[in-house]
Amino acid sequence: MPDNGPRADTVTLTIDGREVTVPRGTSLLHAAETQGTTVPHYCYHPGLSAPAQCRICLVEVEGAPKLQPSCVTMAEDGQVVHTDSPAARRMRQGVLEFYLVNHPLDCPICDMSGECKLQDYVFDEGREHGRGREPKRVFGRDDFGGDVLYYGDRCVMCTRCVRFMDEVARDSRLTVVERGSRAVIDTFFDSGLEGASFAGNVVDICPVGALVSKDFLHKARAWDLDHTPSVCTSCSQGCNIELHTRDNLVQRLMPRENQEVNGHWMCDYGRANYEWMNRPGRLEAPMAGRGGERRAVDWKTALEHLFVRLQGGTGDVMVVGSAEASNEGLAALGWVGEAVGTVSARVFRSPRADDEEPLPGYPLLVRRRDLAPNVDGAGLLGFERAGDDTGAGGLEAVAGHDGIVLVLGDGLADQDVRFGASAGLFVYLGSFDSPAARNADYVLPVTTFAEEEGSFVNAQGRVQRFWPGLRPPGSARPAWLVLGALAAALQGGRTPASAAEVFAGLEAGCAAFAGLSYDAIGESGVRLEAVHG
Amino acid sequence: MSEIQFRNPGWAGNTGEFDLTEADVRGTDYVGETQLDGGHPSVSASLPYMLVEKNPEAPLFEGPYQERFEKIRSRYPTARAALLPALNLAQELRGHISPATMDEVAELLGLSNAYVRGVATFYTMYNKRPVGRFLIQVCTNISCNICGADEVLAAFLEHTGTEPGETSSDGNFTVVEAECLAACGFPTCVQINSRYFEDVSAADVPAVLERLKSES
Amino acid sequence: MAYPYRHEKETLVLSECFGDPSARTVAGWKRVGGYQGIARALEIGREATIEDVKASGLRGRGGAGFPTGLKWSFMPKNSSRPHYLLCNADESEPGTFKDREIMRWTPHQLIEGCLVGSYAIGASHCYIYLRGEFFETTQVMARALEEAYAEGLVGKDILGSGVDIDITLHVGAGAYICGEETGLMNSLEGRRGEPRIKPPFPAAVGAFGMPSTINNVETLCATAHIARHGGEWYRQWGTDKSPGTKLFCVSGHVNKPGNYEFPLGFPMMELIDDVCGGMRDGRALKAVIPGGSSVPIMSADDCRACSLCYEGVEAAGSMLGCASVIVMDETTDIVKQVRRMAHFYAHESCGQCTPCREGTTWATRILQRIEDGRGTEDDLDTLVQISEQMTGTTICVLSDSLAMPIISSIEKFREDYLALIRRGERVGAA
Ligand SMILES: Cc1cc2nc3c(=O)[nH]c(=O)nc-3n(C[C@H](O)[C@H](O)[C@H](O)COP(=O)(O)O)c2cc1C
Ligand code: SF4
Ligand code: SF4
Ligand code: SF4
Ligand code: FES
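Chains as they are written, first to last, in this note's numbering: chain V, 9 to 541; chain C, 1407 to 1622; chain D, 2 to 431.
In case anyone wonders, no lab produced these hints; they're calculated from the structure.
Treat each hint with caution, since some may be false.
To be verified - When the alpha-carbon atoms are kept at most 16 Å apart in a straight line, the in silico EDC-like pairs for lysine to aspartate or glutamate are as follows: (1) C:LYS1477 x D:GLU312; (2) C:LYS1477 x D:GLU147; (3) D:LYS257 x D:GLU11.
Sequences and hints are given; from them, build the entire structure.
And the structure:
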């Protein structure tokens, strides 16, 4: 390399005997991660500043006089690093022992048990027997307000929670009070986290069971939960999340890292909004017949009869979609409408909040005004917004239409029992029954996003996939499967067997999605803009 | 207990051994009167904020104190840096830092009240509760300790009839244990409000308390 | 008679005016040559001033002994950002009481030192961080600073040189850890006084995120004299590795405790036996902590040949620190005193680092149990191991500062511990 040339932007070093090359400015902790070694850490969190205070990530760097905190020590060319040398291991054992001197070890009743970093590290490397003989310090429990409860005795003083509120939420409602071993995390006396919009994240980032969710308290053990990658449906930001489920119920939502959408975070509004996914009283079987004539039928019968009626329809079709339906469901809805005639209305309704709520320290993440996940997808697929900001109204023409009316995913909560009364054919696809579906000729039970595969387009124009985390009730099916089958029958195509196949059809038929494959969307999504260059 | 033979005139005046008066040692003549408005801005943050008379209801900050506060703020590139001086000033006026005071100071400086609580609780000199008219802080750290500081502390507790941290029933005295006060050559060092009383032995305690009472 | 206590062997550079109330004024300070140091510095320029301080070999008097000139030379040369000089007047190290004496007798000595330091590092603002307990001292400093402003010695265009240097007194609120340089910066900025992780070092990112240098009171005062007389002049005293004079704060069981100024390298026993009038009541020497409580304890034997300079005390198994010589006689209960020290460090730990937060408290409780007669011999091993786990593993060295006295006391005074553990016998108990 010429002397006056630019500095190489990578460095090569040796970690535990293996050579690794990483970008300049990478911490040793990250560099070790790239070769599969996780150095234990508490205070370090990739979304926060690094105070290097927990001292458990110390590693040996040859030539350095002391062990170095790997979270803030930058990788340098030619460094020789040992994360597991006797000195490093002895130090970790020592730090862990210090953590346990006053730790209550109440794992059997601690919500974090099973995913707790103290438990994990001590199990891996702790001393077999603690030497502490002194009585333990007791702080007790403190209600921080909002959904957050603090167990002071379990706290490892990593200050992640304080830094999250300071740096990311920019709402310094948490602080370390007192100093030394008398220090605890606290709020300003009686005023706490209530009303803070992003405070729930502190529970996620707490490496131990010191901050727990009141909502989740003692609800489930970590090891009993299944994790399903998904997307939050509470606004058009589409934060990447995981559904944590047990016994076919969603127990909680947790953010899933996506640096282009939500970082490590999600808002409290979205986090709290999951009970509806578990709501009983679902539509479980297809039904045919209006009003008092309604009777349950099987899917085969329902679809065969519907197919016949659609073929002989009037040719003027109005479709009502929903910004909560998947791209695949909405596309298939459109195909069905187009297959039977002229679509004279193609609308969706969706509530809008008065304002949006950004996460100041992570400005990419904004709780959007649109309180539904697929407003943009609906738009790209040709659906026009109707109704007002509460998600009501705007269906006057549809309500009295005398042609074919297809409704997917709109609960018609504001509509009365006359809705669709004059329709030649009225098909209602939903997860819950609605009084306004009384005139439907067919009521078809469809799955919620939590029970199906599919994709949404968020406010950034990013296509994001979700996966089923719950078993559907009764014989509810994904809308894309039901409508895809009908469209295929009407158009003479192949019945799609998966959301991917519906997406392939959508990609072929809709310019906005051209060039994008379902597989390529993966777990972290793809911006449509990026596909089109 | 061995008799301490030499007396630093830091507290009680000339013991006869030195030509210095108490005023010489404390520099009171040179210092002169305390200026409520804080004097020159360079020194506005320096105050004897442990005056005897306190008013927990005193407003933050009015008249000369408002001026002093403005001068303090002018000396730092950030508002946050004025936090410790502002809390000092609040304690000078009110005697202790209550939650309401933290809230007011936070508001004045544009900080969060939780943050101010975090800072205020870090520093031991902020009284989080009201204390007596005389806050008696007895150093029991090593240099004083090996010269009998524990006995001095015990004597203060005995003669004021209090437990550590508790205020005497007449509201006059609160006695606490203190860490090294940087007067180790003159054990035992006792800080009483803003003054150091050095070379205090257990036997001196009644006289010290008498003097305080007579001053108040 | 002069202020307590003086000895004819002393070399009075910094402490010449101790006990002389008239030296507190600008006029009084000028009478003994004051403000000639800053005048000469302004004349010879920044670089030459730093060179002088480098040549003097002056080492920081705050405890670490880092060469002052070298520290000053780390400051960026041509940066347009503000630079700050921070004067560490937080003096809280147990056993140390020299900065208070300097400030209350010779406030202008420190003001001049701050001017020299500020000028050399290109700082236009210097903050003097005084510990909150120093009300009286602060009042003297405040009066002196007002006077210095009025005389045009501080502020705009100092001494008609065109150079602007402001000085501000900043008062702490009770936290030993604010004496640590980065803890001080956080405290100055209005934060919890928690030390910061280094790097970045203060010369790059210091107070308010700007290049900063921090020096102890005594260090800065010495630079005022060095600026006046030149670097070589300072080397007439002391040893090659420890040039100059130093204030020794002697406390404990001697007849005449106090601050004494000697060239570095002065023999420890001469200081105790001669200068300080010998041991109180003629008792035998048991132990000495030579540098403030944060350094290893020395046994009487260790002291015999020890000379008080950085390398001399190191050779004797301890550290000079801030030369705060705590003298303990045979009646001293070492276990109790180590427990008291542990209590101090536990009380003062800022609590960020796990080994320090938990270790200092745990060690205190074990020591308390031993002192209460409920200790076991295993406890001593545990204490040593805890101390080792607290060494070299934290952000600042407060944690190490307790480890050293614990390890050294168990090593050197194991018998005292065992007497308590095995037989319930307390040394020095009445
Ligand atoms: C826990 C701790 C406390 C300290 N307290 C003081 C102090 O009170 N005064 C002081 O001058 N230096 C103190 N120091 C040393 C400072 O960190 C720093 O080294 C010194 O102020 C630098 O000045 P110098 O180079 O002039 O010595 C302390 C260091 C530590 C680790
Ligand atoms: S509550 Fe949790 S996140 Fe906050 S400091 Fe304690 S351990 Fe860390
Ligand atoms: S910002 Fe929107 S997408 Fe993200 S968690 Fe909140 S409601 Fe859900
Ligand atoms: S070593 Fe102790 S005092 Fe120093 S930063 Fe860590 S916890 Fe704070
Ligand atoms: S993760 Fe590095 S010190 Fe905490």
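Structure-based check of all given hints:
{"no.": "1", "hint": "C:LYS1477 x D:GLU312", "verdict": "46 Å, violated"}
{"no.": "2", "hint": "C:LYS1477 x D:GLU147", "verdict": "14 Å, holds"}
{"no.": "3", "hint": "D:LYS257 x D:GLU11", "verdict": "14 Å, holds"}
Checked against the numbered hints listed earlier, the structure breaks hint 1 alone; every other hint is satisfied.
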